[in-house]
Amino acid sequence: MANVIRRQTLAARVSRLAVYGVLILAALFYILPLVVMLMTSVKPLSEISAGTLLSLPQNPTLAPWTKAWGEACTGMRCDGVGGYFWNSFAIVIPAVLISTTIGALNGYALTKWRFKGSELVFALMLFGCFIPFQVVLLPMAQTLGWLGISSSRAGLILVHVVFGIAFTTLFFRNFYVGIPNELVSAAKLDGAGFFRIFWRILLPVSAPIIVVSVIWQFTQIWNDFLFGVAFSAHNTQPVTVALNNLVNTSTGVREYNVDMAAAMIAALPTLVVYVLAGKYFVRGLTAGSVKG
Amino acid sequence: MAALEIHNVRKEFGSERVLKDVSISIDSGEFLILVGPSGCGKSTLMNAIAGLEPVTSGNIYIDGEDVTWRTPAERDIAMVFQSYALYPSMTVRQNISFGLEMRKVPKAEREAAVERVADLLQISHLLERKPAQLSGGQRQRVAMGRALAREPKVYLFDEPLSNLDAKLRVDMRTEIKKLHQRLGTTIVYVTHDQVEAMTLADCIAVMRDGHILQLGSPDEVYNNPVDMFVAGFMGSPSMNFIRATLEADGDGYALRIATPDEADLLLPWPAARHTAELVEQLDKPVILGLRPEHFSEEDVRLSEQAEGTLLEAKVSVVEPTGADILLRLPLGEQEITARVGPKCEVSPGERLALRVDMSRAVLFDAETEQRLA
Amino acid sequence: MKNTATPPRVGHAAPRAATSGGLQAWLPRFVLAPSVAISLFFVYGFMLWTFILSLTSSRMLPSYDFVGFGQYARLMQNERWWVASTNLMIFGTLFVLICLVIGALLAMLLDQKIRQEGALRTIYLYPMALSFIVTGVVWKWLLNPSLGIQAMVRSWGFESFRFDWLVDSQMAVYTLVIAAVWQASGFVMALFLAGLRGIDDSIVKAAQLDGASLPRIYWRVVMPCLRPVVFSAVMILAHIAIKSFDLVVALTGGGPGYATDLPATFMYAYAFNRSQIGLGSASAMLMLGGVLAILIPYLYSELRSRRHG
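Residue numbers (our numbering), protein chains in the order written: chain A, 218 to 509; chain B, 50 to 422; chain C, 9 to 317.
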């Protein structure tokens, strides 16, 4: 709010305190679950049953983490979530790279080389952002089977690329709309062609939107569960599926600390990305929603 | 052979006709300016010449070759954009040599071209900077440098000075004129500023609504406008349009200007400028066009030898510009602007005697707005 | 000057194939074609395919034995589907409303030149970076009756405190609301904050000069300017609500029983686990219908405002 001159009355000061109070309470609401998760993940089981959620760890230990990584039981196997953690990377990285590249070229073609129907094409692709994926699950399962890549990492990569293109195209298209067309005209006059203009003129200034697109895609694909659980087999599962299996496997005593450690492992990559590049993450969220 | 020839070019956007049968021909080394109000089609014509917009019909020839369907790169044209369109991620040097690079000019030649152009435009000290680090005037020079480096057949300038502040604009205008004189290049230049048009052009095309109203030298367009629009568009402050009636006056003609509160004004039409058309306009309303500089303060000492007609009126507004003084004088229900010397001492409300140089006046048909004489 | 024949009148440049211009003009279409093909096949084609499946009596494998809208009729008589649909209504409405209120409130408070605004924003928004599975796992732990919040509050002395919603079939659906709000309200706050920051300062200053108090300014002057933000937020939140699958699986598993089932989990259960492909497809089509029911009015109002604005 603008530089309002504030009356320094008692009422004003109290209301300002109230504002901070509410904000801090809200902050607690958001951060406490993470704190509890962390604390629980380093407590030995005895402390968990003896204490409460917020009691500080007396004898913190990393045993739950090592167990979660390498020994915990996810369904029929007991080799922790570590392997699946790498599965997720194997799926996410190619999918992000491919979908971002395609989105960039699409956005470029749609905005700088307009032709009859280019707006319609954009609207057509945009719709892909909105559909509930339940409506493509069954046909996708069939198609992956026909292509011979069902239950494989390649299959998941294909799925994520196919359904990620809508978003990446949206990001790049909205960004390139803001770049003056005269730049492209000047380059055309200078003799550059379609790809040359993209490579030499547009790409060098696309860093902000590339980051947004990569972060958004990374987060979406890493956090995905639906495609993961529908289209993977035991050894190709992403970490989210492994986590769910681990937590919902009912064998004997529930090891809550291992559960929490596994959840942390699954959450860490996207959390780290968020902390490091959160600004771009927000830009991605709001860019997608402020429809252009 | 004409350096650039535009032949019956039409451009339609859907049902909207932006260019209607435009034809122009200019010789090598000529400086053509397309001038007109917003929406007249001058930028569209520019884009059509460059190949950035395809024409709906018609042909474009450069040095005799039909380039109508060639891509921009194939036409050997360079363009300076209103917003300069410098490549933001490249240095000035790379910006200038980009076009040469695309044409696979060897490195040594490219370097030489960059040096030559940088010298010419005095931007040698800026070669390693990026566009974001340059001022508006500097960017403008780099944009021109990019065009000059390629030595194309035709240069296109799309309102290159519009984004500069007033003083810089005047300076750059002179620079462009000097460059043209020095290099003798063929230039097509678009502007909405008619002062720029007058000072820079060899040939002016006044455009309106997709048509070229008049194509001629600055002198022709200024002193022999073909209709009221051209007459009113060129010149600042613009020409006075005075409603009058054409009457017979002895052997010749005179123009009666109605002034209800006083005696009507009668301005004789010079005998040397009688034309056949005038006969048909007798006793009909016409529009008399007189530019502000066609009035001069009556110098009492020279009254005997003075030429032109005398006119007396009350001054309503005095606007000194420093170099001269603009006066507004009501004539009946109309008002004229006169430009007199800076030493004229008159205050609002006083009456002033002015000499009118009728030899340069123009007459327009009141309905069609076309020039009569 | 050469005299060449007038080329045919065309709306766009139709360079002859011989010139390099020909390739250039078609390149953008070539580049877009794969994505268009992908859209047509994987999005529209699949939707059609699912629709066709929903008209068949497929069970474990797709069979193209058409039964008209029989599957939809079965769906309407399926008690679990009604539970799932009602749950979606309850969950969706509460989720959207509470997120809007919290998001707007936090944004307005944050807009008051708060110190450490950046840090607070980061804290409010980070849950959005988590998978719904992680969120579900964490809240399942927090809401655990014997070891979670209920136990903790009781250990503070409030012996009769009850917070066992997770295992209470009546209340379990509200646990979904809590977890989802925790995850998404920060995003709504970010949207509102961006909207607030985009408001022309001079409007607010004019209101201040007119003597309005700050809360009143927010209510009468600022909020009306944020209508588009509210629209966007509702659209996205509703979309998230309809698609909610991960959260249910992790937090409640659809239970107790199927008390917290949602259409998304219903569809998955019937299509993949219960070998009822036809019925599952029908439920998926109804989910699509729900999304369209929200999307189309939104697009319509967007188009209208663009035509007028």
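Any given hint could turn out to be false.
Capping the alpha-carbon separation at 25 Å, the derived lysine to any residue pairs in SDA-like fashion look like this [as the list claims (entries may be wrong)]:
| hint | chain 1 | residue 1 | chain 2 | residue 2 |
| --- | --- | --- | --- | --- |
| 1 | C | 251 | A | 500 |
| 2 | B | 179 | A | 413 |
| 3 | B | 156 | A | 255 |
Taking CB as the label site, the calculated pair distances span [to be verified]:
| hint | chain 1 | residue 1 | chain 2 | residue 2 | range |
| --- | --- | --- | --- | --- | --- |
| 4 | B | 368 | C | 211 | 35 to 41 Å |
| 5 | B | 171 | A | 420 | 43 to 49 Å |
| 6 | A | 340 | C | 90 | 33 to 39 Å |
| 7 | A | 294 | C | 309 | 15 to 21 Å |
| 8 | B | 220 | C | 113 | 27 to 33 Å |
| 9 | A | 420 | C | 41 | 19 to 25 Å |
| 10 | C | 211 | B | 63 | 56 to 62 Å |
| 11 | A | 468 | C | 41 | 35 to 41 Å |
| 12 | B | 307 | C | 214 | 47 to 53 Å |
| 13 | C | 38 | A | 468 | 53 to 59 Å |
| 14 | C | 87 | A | 465 | 22 to 28 Å |
Computed footprint of chain B on chain A; a stretch qualifies when at least three of its residues, placed anywhere within it, have a C-beta under 8 Å from a C-beta of chain B [stated by the list, open to error]:
| hint | segment |
| --- | --- |
| 15 | 334-344 |
| 16 | 418-425 |
Don't read these hints as lab results, they were simulated from the structure. For each residue, glycine too, the CB sits at the ideal point set by N, CA and C.
Results of checking the hints against the structure:
Simply put, residue 251 of chain C and residue 500 of chain A have alpha-carbon atoms about 23 Å apart, close enough for the 25 Å limit, and the pair holds. Restraint check for residue 179 of chain B and residue 413 of chain A: satisfied, since their Cα atoms lie roughly 20 Å apart, inside the 25 Å limit. Annotation: proposed proximity of residue 156 of chain B to residue 255 of chain A is violated, straight-line Cα distance about 61 Å (limit 25 Å). Between residue 368 of chain B and residue 211 of chain C the CB atoms are about 39 Å apart, so this pair conforms to the stated range of 35 to 41 Å.
Between residue 171 of chain B and residue 420 of chain A the C-beta distance comes to about 32 Å, which lies outside the given range of 43 to 49 Å. In this structure the hint that residue 340 of chain A and residue 90 of chain C lie 33 to 39 Å apart at CB holds, the actual value being about 35 Å. Roughly 51 Å separates the CB atoms of residue 294 of chain A and residue 309 of chain C, a value that falls outside the hinted 15 to 21 Å. For residue 220 of chain B and residue 113 of chain C, the Cβ-Cβ distance of about 57 Å falls outside the hinted range of 27 to 33 Å, so the restraint is violated.
Distance hint check: the CB atoms of residue 420 of chain A and residue 41 of chain C are about 21 Å apart, consistent with the given range 19 to 25 Å. The supplied range of 56 to 62 Å is broken by residue 211 of chain C and residue 63 of chain B, whose beta-carbon atoms lie about 38 Å from each other. Separation of residue 468 of chain A from residue 41 of chain C is about 52 Å and departs from the stated range, judged on CB atoms against 35 to 41 Å. For the pair residue 307 of chain B and residue 214 of chain C, the supplied restraint of 47 to 53 Å holds, since their beta-carbon distance comes to about 50 Å.
Restraint check, residue 38 of chain C to residue 468 of chain A: a C-beta distance of roughly 55 Å satisfies the suggested window 53 to 59 Å. A C-beta distance of roughly 24 Å is found between residue 87 of chain C and residue 465 of chain A, which places it inside the suggested range of 22 to 28 Å. For the segment 334-344 of chain A, the stated coverage by chain B is violated: 0 residues have a C-beta nearer than 8 Å to a C-beta of that chain, whereas at least 3 were required. Figure legend: the segment 418-425 of chain A, annotated as covered by chain B; annotation consistent (3 residues with Cβ-Cβ distances under 8 Å, at least 3 required).
Going down the numbered hints, you'll see the structure goes against 3, 5, 7, 8, 10, 11 and 15, while the others check out.
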